[in-house]
Each structure stands twice: as C-alpha cells, then as structure tokens.
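Colleague: Spelled out from the first residue to the last, the chains are:
Number of protein chains: 2
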Amino acid sequence: MEYLDQTDLTILRILQKDAKKTAKEIAEILNITPSPVYERIRRLEKQGYIKKYVAILDKDLINRSITTICQVSMRYHDEAFIEKFEEQIQSLEEVQECYHMAGQIDFVLKINVKSLEEYHDFVKYKLSKIENIGVLNSTFVLKEIKHTSEFFIG
Amino acid sequence: MEYLDQTDLTILRILQKDAKKTAKEIAEILNITPSPVYERIRRLEKQGYIKKYVAILDKDLINRSITTICQVSMRYHDEAFIEKFEEQIQSLEEVQECYHMAGQIDFVLKINVKSLEEYHDFVKYKLSKIENIGVLNSTFVLKEIKHTSEFFIG
DNA sequence: GGTGAAAAATGGGCCCC
DNA sequence: GGGGCCCATTTTTCACC
Numbered sequence: 001m002e003y004l005d006q007t008d009l010t011i012l013r014i015l016q017k018d019a020k021k022t023a024k025e026i027a028e029i030l031n032i033t034p035s036p037v038y039e040r041i042r043r044l045e046k047q048g049y050i051k052k053y054v055a056i057l058d059k060d061l062i063n064r065s066i067t068t069i070c071q072v073s074m075r076y077h078d079e080a081f082i083e084k085f086e087e088q089i090q091s092l093e094e095v096q097e098c099y100h101m102a103g104q105i106d107f108v109l110k111i112n113v114k115s116l117e118e119y120h121d122f123v124k125y126k127l128s129k130i131e132n133i134g135v136l137n138s139t140f141v142l143k144e145i146k147h148t149s150e151f152f153i154g
Numbered sequence: 001m002e003y004l005d006q007t008d009l010t011i012l013r014i015l016q017k018d019a020k021k022t023a024k025e026i027a028e029i030l031n032i033t034p035s036p037v038y039e040r041i042r043r044l045e046k047q048g049y050i051k052k053y054v055a056i057l058d059k060d061l062i063n064r065s066i067t068t069i070c071q072v073s074m075r076y077h078d079e080a081f082i083e084k085f086e087e088q089i090q091s092l093e094e095v096q097e098c099y100h101m102a103g104q105i106d107f108v109l110k111i112n113v114k115s116l117e118e119y120h121d122f123v124k125y126k127l128s129k130i131e132n133i134g135v136l137n138s139t140f141v142l143k144e145i146k147h148t149s150e151f152f153i154g
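Going down the list, the sequences are from chains P and V.
FYI, in UniProt numbering the residues of the first sequence are 1 to 154.
FYI, in UniProt numbering the residues of the second sequence are 1 to 154.
Simulated from the structure, these hints should not be mistaken for laboratory data.
All C-beta atoms, glycine included, are put in the ideal place defined by N, C-alpha and C.
Possibly wrong hints are sitting among the right ones.
Facing chain P, according to a computed beta carbon distance under 10 Å, are these residues of chain V, among others [stated by the list, open to error]:
id, residue
1, ASN63
2, PHE81
3, PHE85
4, GLU93
5, VAL135
6, LEU136
7, THR139
Can you make the complete structure from the sequences, with help from the hints?
Modeller: Spelled out as structure tokens, the structure:
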C-alpha cells in the first residue's frame, strides 16, 4: 500500500465536503496547476480511497423525516442464521445502516421512514418477518444533532 | 411547496447513487433531451432537495477502521445543558453522527477512530470532558452490514 | 503544460396546456 | 400566456499525451 502525502489528504478532505469542487479550484487552494490535481484524483479513485460520488438529499423534503435506532438480538447465533439476517437486511430499503455489534445487542439498525405508521408497517411486515429475531428494541430520534458522511482525515 | 413528479424522483434516485452521472446519461434513461434534466437538477438544488454533492471515502484505507456506537445519558436535563452538549458534539471530528433520542438514553453517537487506543483517548480527553454526562456506554462495531447515504424515495 | 473531446451552462424558439 | 421541452451555441472542464 502506497502512502498518501499531504496534497492527497487535502484533496480528500475537500472532496468529501464538496465533490463539485473542480480540479482548478482545488489547484488554486494547493498552489499547483490543475493537471496534477486531476491525476491525483484519478489515482485516488483507482486505488479505492474515493469509493463514489453521491448527492446528499434533504430527508424532510423527500418525506423520510422519522429516524429510528433499532437494536436487534438473535435467538440463535449460528453462522447460517447470522448470514441470512445480514442478507435480508441489505435488501430492506428503509434500513440506511446496520452494524453487527460486540456485546449483548447483536445488531444496531438505523431506519428512515415517512411516518410512525410506516414504521409500524415496517416492523410488522418486514423486520419481524425475519426469522430468529429474539429481542427487538426501537427508539426514536427526536433530533438529528450531527450527521455527516465525512471522516476525520489526518 | 411544489410537488415532484416521477421524472424528478428518478433524477434524485440516480444522483444519490451516483452523482457523476451526466445530464446526458440521465436524459437517455428518461428518454428526454439533456436540457430539461439540467434544469430540473438546478431546480432541485435550489429548492433544497439536493443539499450537496460529496465523495464517499473508504474508511479502512484512510485509517478509520474502528466504529463505535456510544450511548450517552445526561445527569440533568436543563435546556442549557442539552444545548451545550449538542454544540460540543458538533465540533468533535471523530463523531460522524449524533442523535437526541426519545427514551432512557439521551443521545446515540457513532464514532470513527483509527484504533482502540485512539478511542480510549477520545473518551478520556474529549467525550468525558463534556460536563453533565451521567451514563456513557460504548459498544464496538464488529462488521458493517450496510451503510449508505441513500434514502428510499417513493 | 497543452490539445482535442466532452460536458455544462445559456438563450431562443416551439408546442401544448 | 406560461411552463416545460428541444435545439443550437458558448464556455468550461475533462482526459490524454
């Protein structure tokens, strides 16, 4: 694995805040010409540092205002059950995040829905249909204090 | 607030998956010319549906492999304490997400760090320095099953 | 650093509500 | 008459040498 220099890190910091910044703009910040900036960005994409570029939408405007954190524990912990659970979670479009955890809680899920009614339907018809779920504990987000896709670089 | 038609929704679905799709490519999918696609995207940006465009980085490659979910409860629930807590959390760059929750747990945080040692330092020197924290319970992510910035549209 | 290709952005004009 | 779409043009950016 090759290491990144300060120029690479600066480029990554800029792009994870604003992917629309042009190579020219970044070049001005770095006091170099646009060409090496292009090349570095292409390299960072190719090496996998930059996975993709996405638009971040306003969840209230697109009617996904309700966010819940849902803790799930399995009844049995066979490899097969775990894998099947993970597979099924992937396909649930309401689930934005899912983590397999250390400790008593097996999985933590973050779910976005339109309304409390929709969450009810989600749990009733989708989540609880997954077999082998033991404990299922939902808590509702009152306010989003911070939510970013950025990582601290450096 | 104006409503979005199916064309708008399709554009949003495409862009939150891949912001590099050109207006021309989107136009081909929609069977229209690029111009209305441009115009709609500008409008969606102006109206706030699209908040920003960002690069998604690989957290392992940039050395943020350790993710923890941290549950925090406050000792006192004065407005002033809550607001100060929220303010201080905003400025912690290790914290990627923070939600004010309903229920016994006041806040849920998602934190990315390089190593267990760094997490130790984070809790010791940053998080626990915030006054009025009562309970602080960290659990570690063993595996990221799903993590997307996309919302289900529709 | 420079060049050809491509995409973004803009403006005029058309058609259908 | 207005909104949305198409087409043509200019400007900017990209990608490659």
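Colleague: All hints, please: hold or fail.
Modeller: Evaluated hints:
no., hint, result
1, ASN63, "holds (8 Å)"
2, PHE81, "violated (14 Å)"
3, PHE85, "holds (9 Å)"
4, GLU93, "holds (4 Å)"
5, VAL135, "violated (15 Å)"
6, LEU136, "violated (14 Å)"
7, THR139, "holds (5 Å)"
Hint check: violations occur at hints 2, 5, 6; the rest are consistent with the structure.
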